[in-house]
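Starting from the structure of chain A, add chain B where the hints point.
Number of protein chains: 2
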Amino acid sequence: MKKYVFTPGPVPVPSEVLIEMAKPIIHHRTAEFESIFEEVRDGLKYIYQTKEEVFVLASSGTGAMEAAIVNTLSKGDKVLVINGGKFGERWGKIARAYGLEVEEIVVEWGTAVDPDAVKEALDNDPSIKAVLLQASETSTGVKHPTDEIAKITNQRDNVILIVDGITGVGVFPLNFDELGIDVLVGGSQKAFMLPPGLAFIALSQKAWKFSETSDLPNFYFDLKAALKSAEKNTTPWTPAVTLIIGLNEVLRRFRAEGIDNLHGRHANLSHASREALKAMNMELFAKDSHSTALTVGVAPESIGAGPIVKGLKENFGMTIAGGQDQAKGKIFRFSHIGDIEATDTIAIISAIESTLKTLGHDFDFGAGVTKATELLGK
Amino acid sequence: MKKYVFTPGPVPVPSEVLIEMAKPIIHHRTAEFESIFEEVRDGLKYIYQTKEEVFVLASSGTGAMEAAIVNTLSKGDKVLVINGGKFGERWGKIARAYGLEVEEIVVEWGTAVDPDAVKEALDNDPSIKAVLLQASETSTGVKHPTDEIAKITNQRDNVILIVDGITGVGVFPLNFDELGIDVLVGGSQKAFMLPPGLAFIALSQKAWKFSETSDLPNFYFDLKAALKSAEKNTTPWTPAVTLIIGLNEVLRRFRAEGIDNLHGRHANLSHASREALKAMNMELFAKDSHSTALTVGVAPESIGAGPIVKGLKENFGMTIAGGQDQAKGKIFRFSHIGDIEATDTIAIISAIESTLKTLGHDFDFGAGVTKATELLGK
Chain A
29 MKKYVFTPGP VPVPSEVLIE MAKPIIHHRT AEFESIFEEV RDGLKYIYQT
79 KEEVFVLASS GTGAMEAAIV NTLSKGDKVL VINGGKFGER WGKIARAYGL
129 EVEEIVVEWG TAVDPDAVKE ALDNDPSIKA VLLQASETST GVKHPTDEIA
179 KITNQRDNVI LIVDGITGVG VFPLNFDELG IDVLVGGSQK AFMLPPGLAF
229 IALSQKAWKF SETSDLPNFY FDLKAALKSA EKNTTPWTPA VTLIIGLNEV
279 LRRFRAEGID NLHGRHANLS HASREALKAM NMELFAKDSH STALTVGVAP
329 ESIGAGPIVK GLKENFGMTI AGGQDQAKGK IFRFSHIGDI EATDTIAIIS
379 AIESTLKTLG HDFDFGAGVT KATELLGK
Chain B
29 MKKYVFTPGP VPVPSEVLIE MAKPIIHHRT AEFESIFEEV RDGLKYIYQT
79 KEEVFVLASS GTGAMEAAIV NTLSKGDKVL VINGGKFGER WGKIARAYGL
129 EVEEIVVEWG TAVDPDAVKE ALDNDPSIKA VLLQASETST GVKHPTDEIA
179 KITNQRDNVI LIVDGITGVG VFPLNFDELG IDVLVGGSQK AFMLPPGLAF
229 IALSQKAWKF SETSDLPNFY FDLKAALKSA EKNTTPWTPA VTLIIGLNEV
279 LRRFRAEGID NLHGRHANLS HASREALKAM NMELFAKDSH STALTVGVAP
329 ESIGAGPIVK GLKENFGMTI AGGQDQAKGK IFRFSHIGDI EATDTIAIIS
379 AIESTLKTLG HDFDFGAGVT KATELLGK
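Those protein sequence lines, which keep their order, are chains A and B. So for the first sequence, the working numbering puts the first residue at 29; every next one is plus one. So for the second sequence, the working numbering puts the first residue at 29; every next one is plus one.
If we strip away everything but chain A, and leave its shape as in the complex, we get (with noise of 0.2 angstroms):
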């Protein structure tokens, strides 16, 4: 059977990209891989839609959010937390891990915060230096409104906007530069269509004036000294050349896309995959602004979300995603992230269609592949 991957991270990698990948080693300090950095920094700086340095760090996308944190801010600063699922959870952990004074805004799972909260909240206590959202909510398949937030963040010296924007860069307009967003961090299983352990970050001129001083302790992290290397289009610590080798290719692949096209594309696939599970009676668990990044359905519940995430494993060889946490046997989430196209949307809305209908699931059958081919047919 045919396996396919629609998990939101990691995601299929292009069968071209694993074979660049394949070719034998180069080493980092060479004319060759430097000629092949300085690229890949000229596409992250055509995704990010920035002039500022996107950096590639060998990690996973929470060792980036951790270089967010420990770049920018001081012990003791307060710092305003988009709580809305897993990993608004994940900007409070680091915070605190690190000394910092975490205010939190709750928001329900499934649903996007209220910029007003967010203006309400620094209105109340000028003392915090930093709002930390994530720009789509993985866990519950949110998209945050970081363009609002950003608007009111720039009207503020003092606070900067830190964006975990790992299911966000490259899937929908996040346009760095122009929004004002302060960080941005992103990684490479996710859009960027590559294996993990790779991840991206961005500094605004106001948060590099953070980074002057903040005092949180860090090495490995540290990009004050990533800059100096990158300059010479090179990192301060052994990159994960292989990578760095495959981003190229994405890179390249992306431009030839075109970022319009890049995130129309997302878009697509996303509005066929909510349309389709519509047309299956079935509910969507982001009540408003959905991510395009991956699509989340409410299992129904006689059925419950395990049976679904099994079934396709078991019948269709697709993996996709179940819930986590409190949506733990509610929701299953499948991505529109890597190399995924209408086709294998089409295939994974039938397989979801066959085994609703198998579990017992009532609808009108048909209904979603119909759905999504009217919409992904050209």
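Be careful, since some hints might not be right.
Since copy identity is lost for identical chains, a pair holds within one copy or between any two.
Below 20 angstroms or equal to it, Euclidean Cα-Cα: the simulated SDA-like pairs (lysine to any residue) are [claimed, not checked]:
{"hint": "1", "residue 1": "K31", "residue 2": "K51"}
{"hint": "2", "residue 1": "K106", "residue 2": "R184"}
{"hint": "3", "residue 1": "K356", "residue 2": "G334"}
{"hint": "4", "residue 1": "K73", "residue 2": "A258"}
{"hint": "5", "residue 1": "K147", "residue 2": "H299"}
{"hint": "6", "residue 1": "K121", "residue 2": "D243"}
{"hint": "7", "residue 1": "K103", "residue 2": "D243"}
{"hint": "8", "residue 1": "K260", "residue 2": "E81"}
{"hint": "9", "residue 1": "K30", "residue 2": "K121"}
Simulated from the structure, these hints should not be mistaken for laboratory data.
Same frame as chain A, now just chain B:
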């Protein structure tokens, strides 16, 4: 021209391993990956010769060096750094970045630390909490006496021995449990013959006791979280899936080869290389205790290292390393780690021989390859 990588990391990766890593990606929260990770955990324990857990971090070696410090020590702790090269120096930098007090034993580049000096320093200052050492100092080719120093730290309940074994683990015996090393760091792009992007670290029971009172902030490198996850054959953050799949292949090879043969292979290549350099009227940079990970030659003063490195690259497609910092222009370094065999080693000796002749070095032409063939031929 065929290309050879003889740098002491990154190193050549066997084609079979590259191909394993180029297979379609799998998700890390699956029975399939967990079974691979279980086998990896066992294999790493075999190479470390330990019953303790050996953690797999998605980072380069420097990240694991940081993990060693932030998981065991506390702010203001005094540590004794053995600084006999670029990587010894790095221990001091990481320790200072976290507010530790650093006492250094500065060792002349090219020589090994005298264990008596370590004993004396610990006797003189009972407040020292840790000795930080390189098993193999890659910038000089020196092997420090980890075993002798472990005997000293083992006699003291309040001192742990933290060893950077990045170019030591898998190269020569560093029996974790038997020697009583407390923290041992390894890296994927060395003896493990993988691309860079993974690092390894194990803690002794004594080091775990230190971790209970350690107050240095950390999150991504939190080994208590890693321990909880490892028991369930997983990692707290998304692991570098493809590199771990490659690691499993390499560890299977190591099991088949046997740990004594693994060490013996490096020792033979190193011995033959050293003898061949001597036969070419060349001096070795390491005065006494040689790391068998790499051979470091002193360039004749009239020639300098630059033209040797350049000649090997341009005429033979061989990438080797020059010297760093104070050794820049003075030494050249080529390695025995990675997918390198006797035939490759004879090839580089022959290339060095031709290069030295072209550059006007005075020696008995042919003596190098003759010696290498004598020692490496069957």
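Could you tell me which of the hints above the structure violates, numbers in ascending order?
-> Violated: hints 5 and 9.
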